[in-house]
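These protein sequence lines are chains A and B, in that order. If you're matching positions, the first sequence starts at 1 in full-length UniProt numbering and goes up one per residue. If you're matching positions, the second sequence starts at 1 in full-length UniProt numbering and goes up one per residue.
Because the hints were derived from the structure by calculation, they are not lab data. Check each hint, because a few of them may be wrong.
Listed below are the simulated DSS-like cross-link pairs for lysine-lysine, each with C-alpha atoms no more than 25 angstroms apart in a straight line [as the list claims (entries may be wrong)]:
| id | chain 1 | residue 1 | chain 2 | residue 2 |
| --- | --- | --- | --- | --- |
| 1 | B | Lys199 | B | Lys120 |
| 2 | B | Lys292 | A | Lys550 |
| 3 | A | Lys292 | B | Lys493 |
| 4 | B | Lys150 | A | Lys120 |
| 5 | B | Lys432 | B | Lys390 |
| 6 | B | Lys390 | A | Lys292 |
| 7 | A | Lys393 | B | Lys393 |
| 8 | B | Lys533 | A | Lys393 |
| 9 | B | Lys488 | A | Lys488 |
| 10 | A | Lys547 | B | Lys432 |
| 11 | A | Lys533 | B | Lys547 |
| 12 | A | Lys488 | B | Lys120 |
| 13 | B | Lys292 | A | Lys493 |
| 14 | B | Lys292 | B | Lys265 |
| 15 | A | Lys432 | B | Lys547 |
| 16 | B | Lys550 | B | Lys533 |
| 17 | B | Lys567 | A | Lys15 |
| 18 | B | Lys488 | B | Lys533 |
| 19 | B | Lys533 | A | Lys390 |
| 20 | A | Lys120 | B | Lys393 |
| 21 | A | Lys292 | A | Lys265 |
| 22 | A | Lys547 | B | Lys120 |
Protein chains: 2
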Amino acid sequence: MKKITSYLPILEWSKGYNRLTLTSDLIAAVIVTIMLIPQSLAYAMLAGLPPEIGLYASILPLIAYAIFGTSRTLAVGPVAVVSLMTASAISQYGGTDALTAAVTLALLSGFILLLMGILKLGFIANFLSQPVISGFITASGLLIAASQLKNIFGVSIHGDTMIDIMSGLWSQIHAVNWITLALGAGSVVFLYFSRLRLKSCLQAIGVNGRSADILTRAAPILTVAITIWLTTAFDLGNEGVSLVGAIPQGLPAPKLPMVDFELIKILIAPAFLISLIGFVESVSVAETLAAKRRQRIVPDQELIGLGAANIASAISSGYPVTGGFARSVVNYDAGAETPAASIFTALGIAVATLLLTPLLANLPQATLSATIIVAVLSLVDFRSVARVYKYSKSDFSAMAATILVTLGFGVEPGVVSGVLLSLILHLYRTSKPHMAVIGQIPDTEHFRNIERHDVLTDDSILSLRIDESLYFANRRFLENRIEELVAKNASIKHLVLVCPAVNLIDASAVESLEMISHRLNNLGIQLHLSEVKGPVMDRLQRTDFLKNFKGSVFLRQYEAVMTLQKKA
Amino acid sequence: MKKITSYLPILEWSKGYNRLTLTSDLIAAVIVTIMLIPQSLAYAMLAGLPPEIGLYASILPLIAYAIFGTSRTLAVGPVAVVSLMTASAISQYGGTDALTAAVTLALLSGFILLLMGILKLGFIANFLSQPVISGFITASGLLIAASQLKNIFGVSIHGDTMIDIMSGLWSQIHAVNWITLALGAGSVVFLYFSRLRLKSCLQAIGVNGRSADILTRAAPILTVAITIWLTTAFDLGNEGVSLVGAIPQGLPAPKLPMVDFELIKILIAPAFLISLIGFVESVSVAETLAAKRRQRIVPDQELIGLGAANIASAISSGYPVTGGFARSVVNYDAGAETPAASIFTALGIAVATLLLTPLLANLPQATLSATIIVAVLSLVDFRSVARVYKYSKSDFSAMAATILVTLGFGVEPGVVSGVLLSLILHLYRTSKPHMAVIGQIPDTEHFRNIERHDVLTDDSILSLRIDESLYFANRRFLENRIEELVAKNASIKHLVLVCPAVNLIDASAVESLEMISHRLNNLGIQLHLSEVKGPVMDRLQRTDFLKNFKGSVFLRQYEAVMTLQKKA
């Protein structure tokens with residue numbers, strides 16, 4: 001029986017809570033709140049949802065994760081890649097249908113994560129290889145940045161692949177709204193500058209470290225404030241600048257989402273991919289931060305934490321959330337000690353939702369797009385593409401496929417093709433295992449590869465050492481290799497498979513051994529085994545293979561050769 | 001440059017052709033023709049096509065395979081499982097649309113196989129594990145037999161899953177046509193008896209071996225003749241017995257099939273699965289037979305042979321074909337020496353199509369269904385299900401999933417879920433590799449598992465031997481294992497990964513090593529490697545990992561410990 005605290009990490013960390021931790025957590029919460037307000041609005045827009053949905057998804061989910069999650073510093077909420085995936089999953093719906101679809105997606109994702117956590121299926125995330133994840137995130141970053149250009153240029157285009165977006169932009173180039181472009185491009189430049197230089201500039205003019213830091217983090221909210229003032233002062237809404245518009249004031253009452261089975265059938269596959277990508281992104285951030293402080297995170301409990309966060313998002317009219325990289329690093333750097341920081345952040349966002357929403361009506365969409373563009377460009381990582389290319393062409397091909405399919409056909413085909421290709425390439429690599437014909441080193445009981453050592457062999461006995469587990473993907477290779485060896489060596493009477501490195505023989509390979517033995521018998525050759533590992537032998541003893549097997553199973557290769565030489 | 005004969009095996013085997021081989025091939029051809037006529041009609045009906053299509057698919061494809069295939073005795077044509085898969089793929093079409101869809105399927109399958117052959121992609125078939133193939137064939141056999149019951153009972157039902165078929169039969173039980181049932185059940189009993197006993201009975205009454213054999217093989221065609229005579233003599237067509245009806249006389253003129261891109265988009269996935277299953281079935285038959293005579297077949301050239309056969313089928317208004325088990329064994333047993341036997345069989349079928357089709361109008365459909373039922377029951381292999389269950393629960397679960405999904409949802413979901421499940425289970429098995437903390441055996445330079453041997457260790461040095469290649473599916477396991485070890489041993493200053501059994505480190509695992517090294521450095525521990533294999537080292541040298549790596553890479557573990565002990 002697991003201890004209750006392992007399911008409720010909050011019981012663990014809340015024990016030692018004191019004034020010092022409280023101060024650290026409060027400061028971190030203020031900084032993260034300032035950062036999260038424009039981000040939440042922007043990512044909701046990226047997902048194709050009204051901006052307030054982003055705020056709703058940044059309150060209860062944070063509290064749920066603080067109760068169930070194992071990371072001390074992970075900051076949960078709407079993130080760029082998951083928002084893009086949400087946009088792609090709900091793109092066929094409009095108006096309130098889109099809201100219902102988003103809530104259903106969060107609910108499904110929550111239950112999928114929860115179930116995976118309870119069944120301890122966290123290992124499924126291992127099927128996403130590093131090149132596939134990194135390729136997918138780079139491609140998503142490019143796609144997200146491109147998708148925001150329409151708001152920066154003030155034009156209206158449709159489609160969610162790179163080609164659609166680019167050809168759409170090109171065809172609309174005559175309709176650019178220059179005021180929107182000035183606001184958007186200005187915001188991008190300012191945000192980019194503040195990310196790279198603002199802190200050091202402030203420090204150079206004498207602002208102390210922490211204040212410089214807070215001011216830098218406040219750059220997005222400052223951009224929001226300035227552009228709202230500009231649109232209001234010069235009535236830019238009437239000049240064709242698209243504004244966020246009226247946002248309902250107040251918090252949504254928590255309510256159980258309606259369950260529509262037709263919708264669930266359509267959304268279950270995207271929900272699974274969103275859960276998987278969200279989990280992988282979140283866990284890698286959490287592990288990186290935990291390692292710095294010698295803390296540990298528990299992946300299966302993380303599934304439960306993220307599952308709870310998504311269910312919380314669903315009951316507060318939100319959309320899928322996960323742990324975000326940028327905001328978690330900010331939270332960590334700002335000194336957050338415990339998940340209480342996230343609870344304070346949630347309270348901050350709740351207050352903002354209650355008080356600030358009326359101010360946001362005049363916010364230009366271009367400002368939010370600028371926030372997104374600057375945030376996601378850090379996801380684009382061409383250096384890691386180059387590194388993988390240099391290291392392994394096979395890993396690179398999975399990565400390239402993921403990037404190209406994501407850009408060309410969208411996020412879901414992108415992930416799926418990357419995962420399938422890396423599985424196939426891995427199986428291909430292990431489908432041709434190393435095998436060596438071995439002979440005896442004179443005056444010893446040792447056997448080595450005949451191609452590398454001067455060894456004794458016997459024309460009537462051929463010994464083949466197999467340096468890999470035998471399973472369905474490489475059994476045909478074994479069959480062919482033996483067929484070739486037998487065709488080349490006409491005088492063979494005994495063939496010994498030497499198995500010290502065979503950790504597993506699956507049912508397909510047992511079938512192959514039967515077939516090989518049968519075929520060899522037809523040719524007057526007897527198959528034998530030697531140095532079979534204990535667990536493998538136990539398993540073979542449960543089959544008919546050994547019952548019908550006319551050869552011997554030798555404990556040691558030396559014994560095999562001695563016995564067979566006497567027979568010959 | 002490959003020799004032309006390797007692409008055209010006919011140039012090879014036709015060289016030594018003489019009167020003796022001719023006689024053997026002719027006799028085999030007569031026996032196979034007699035067997036193939038009712039089977040071709042029956043399988044076409046199973047595929048939901050007019051019976052003559054089965055004959056068309058048994059002429060040119062045989063000749064094409066004789067030219068391009070590498071097996072001397074494989075008999076190509078319509079087979080049960082591929083016919084069922086065709087039925088499932090074209091079930092939404094009726095009338096001439098169904099014919100067009102079948103031809104398109106053959107054409108697509110031909111090009112897919114040809115392309116796989118040219119690109120040497122035969123290894124893709126290795127992804128079908130033995131339990132999945134065998135489960136799929138058993139389930140298909142059951143499904144095919146069940147689907148034929150409607151013709152035996154003389155009722156009309158729809159649907160192609162086990163549940164649909166069985167509930168359909170149940171609801172139609174009042175409408176059974178008793179004459180049809182008598183004909184059908186009588187045929188089943190006679191065919192089953194002749195398969196099991198006829199040969200030995202005939203031999204007991206003094207018929208010689210070869211004649212008894214031919215008479216036994218003629219049982220299906222005899223059943224066809226008798227039931228035609230019965231329906232004609234007693235005018236059973238007017239008693240509600242469903243007959244085959246008028247069959248167009250003559251051979252179809254070869255013509256290039258029309259290409260409809262909409263149809264291709266729909267049929268490409270089923271065509272791929274049909275190609276894969278057909279190839280696997282055909283190759284395993286061909287390999288079994290070739291091994292008996294010390295001949296070899298070349299899988300990649302087999303793809304070209306089967307591809308040519310399917311394209312030939314498409315241009316002769318046929319449907320997908322492959323090498324069949326039963327007929328190939330008959331061909332082999334009847335003494336076929338070369339593919340010329342198949343060419344003679346093709347001529348035999350062509351003559352039959354020209355002359356016999358008018359006689360088939362009064363053939364009851366129940367007779368053909370009886371032929372199918374008796375033929376496919378040999379596909380059902382519960383013993384192999386039991387064997388796999390006993391040997392490995394993990395292999396069995398893939399097999400059970402394949403069987404249940406095939407029976408419950410149809411052939412395509414069945415294969416796909418079986419393949420995916422066996423891939424996932426394999427990755428799961430290799431995702432937790434064996435690793436051992438090792439220490440030095442006193443007074444030697446050898447190192448062994450500390451849990452099994454009395455060995456010397458050093459509190460500040462921890463050596464971990466990894467007994468598996470490192471790749472994306474097991475990298476997290478390595479990270480966690482190291483994290484645990486470090487948490488347990490507070491006095492560690494150096495951690496050595498001992499890699500004599502690591503055949504591969506993929507890009508994901510390199511990323512992990514970087515992360516591990518970085519995290520250990522944060523904790524004041526230095527990572528080192530030892531006994532890295534040559535090819536793995538070559539590859540690592542192409543990365544930044546070694547450039548930024550502060551630890552050492554030792555050639556031998558003994559050297560590692562000696563050096564690090566001096567440092568400590």
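Cross-check of the supplied hints:
For the hint linking lysine 199 of chain B to lysine 120 of chain B, the alpha-carbon distance of about 43 angstroms lies beyond 25 angstroms, and the restraint is violated. Straight-line distance between C-alpha atoms of lysine 292 of chain B and lysine 550 of chain A comes to about 18 angstroms, which keeps the hinted pair within the 25 angstroms bound. For the hint linking lysine 292 of chain A to lysine 493 of chain B, the alpha-carbon distance of about 17 angstroms falls within 25 angstroms, and the restraint holds. A C-alpha spacing of about 46 angstroms is found between lysine 150 of chain B and lysine 120 of chain A, which places the hinted pair above 25 angstroms, so the restraint is violated.
Between the alpha carbons of lysine 432 of chain B and lysine 390 of chain B the distance comes to roughly 23 angstroms, so the proposed pair stays at or under 25 angstroms and holds. Of the pairs offered as hints, the one joining lysine 390 of chain B and lysine 292 of chain A is violated, with about 48 angstroms between alpha carbons and a cut-off of 25 angstroms exceeded. A C-alpha spacing of about 36 angstroms is found between lysine 393 of chain A and lysine 393 of chain B, which places the hinted pair above 25 angstroms, so the restraint is violated. The straight-line distance between the Cα atoms of lysine 533 of chain B and lysine 393 of chain A is roughly 20 angstroms, inside the 25 angstroms bound, and the hint therefore holds.
The hinted pair formed by lysine 488 of chain B and lysine 488 of chain A fails the criterion: a straight-line CA distance of about 55 angstroms is larger than 25 angstroms. Only pairs whose Cα atoms come within 25 angstroms are accepted, and lysine 547 of chain A paired with lysine 432 of chain B is rejected, the gap being roughly 31 angstroms. Between lysine 533 of chain A and lysine 547 of chain B the alpha-carbon distance is near 39 angstroms, which puts this suggested pair outside the 25 angstroms criterion. Taking the CA atoms of lysine 488 of chain A and lysine 120 of chain B, the gap is about 24 angstroms. The hint holds against a cut of 25 angstroms.
Proximity of lysine 292 of chain B to lysine 493 of chain A is assessed by CA-CA distance (about 17 angstroms); at most 25 angstroms being required, the pair is judged to hold. This hinted pair does not check out: lysine 292 of chain B and lysine 265 of chain B have alpha carbons roughly 42 angstroms apart, beyond 25 angstroms. Note on lysine 432 of chain A and lysine 547 of chain B: the hinted pairing is violated, with a Cα-Cα distance of about 31 angstroms set against a maximum of 25 angstroms. With a C-alpha separation of about 20 angstroms, the suggested pair lysine 550 of chain B and lysine 533 of chain B falls inside the 25 angstroms cut-off, and the hint holds.
Between lysine 567 of chain B and lysine 15 of chain A the CA atoms are separated by roughly 42 angstroms; this puts the pair beyond 25 angstroms, and the hint is violated. Restraint check for lysine 488 of chain B and lysine 533 of chain B: not satisfied, since their Cα atoms lie roughly 29 angstroms apart, outside the 25 angstroms limit. Taken as a hint, the lysine 533 of chain B and lysine 390 of chain A pair is honoured in the structure, with Cα atoms around 19 angstroms apart against an allowance of 25 angstroms. Between lysine 120 of chain A and lysine 393 of chain B the alpha-carbon distance is near 19 angstroms, which keeps this suggested pair within the 25 angstroms criterion.
Distance hint between lysine 292 of chain A and lysine 265 of chain A is unfulfilled; the C-alpha atoms sit about 42 angstroms from each other, more than 25 angstroms. For the suggested pair lysine 547 of chain A and lysine 120 of chain B, the alpha carbons sit about 37 angstroms apart, so the restraint of at most 25 angstroms is broken.
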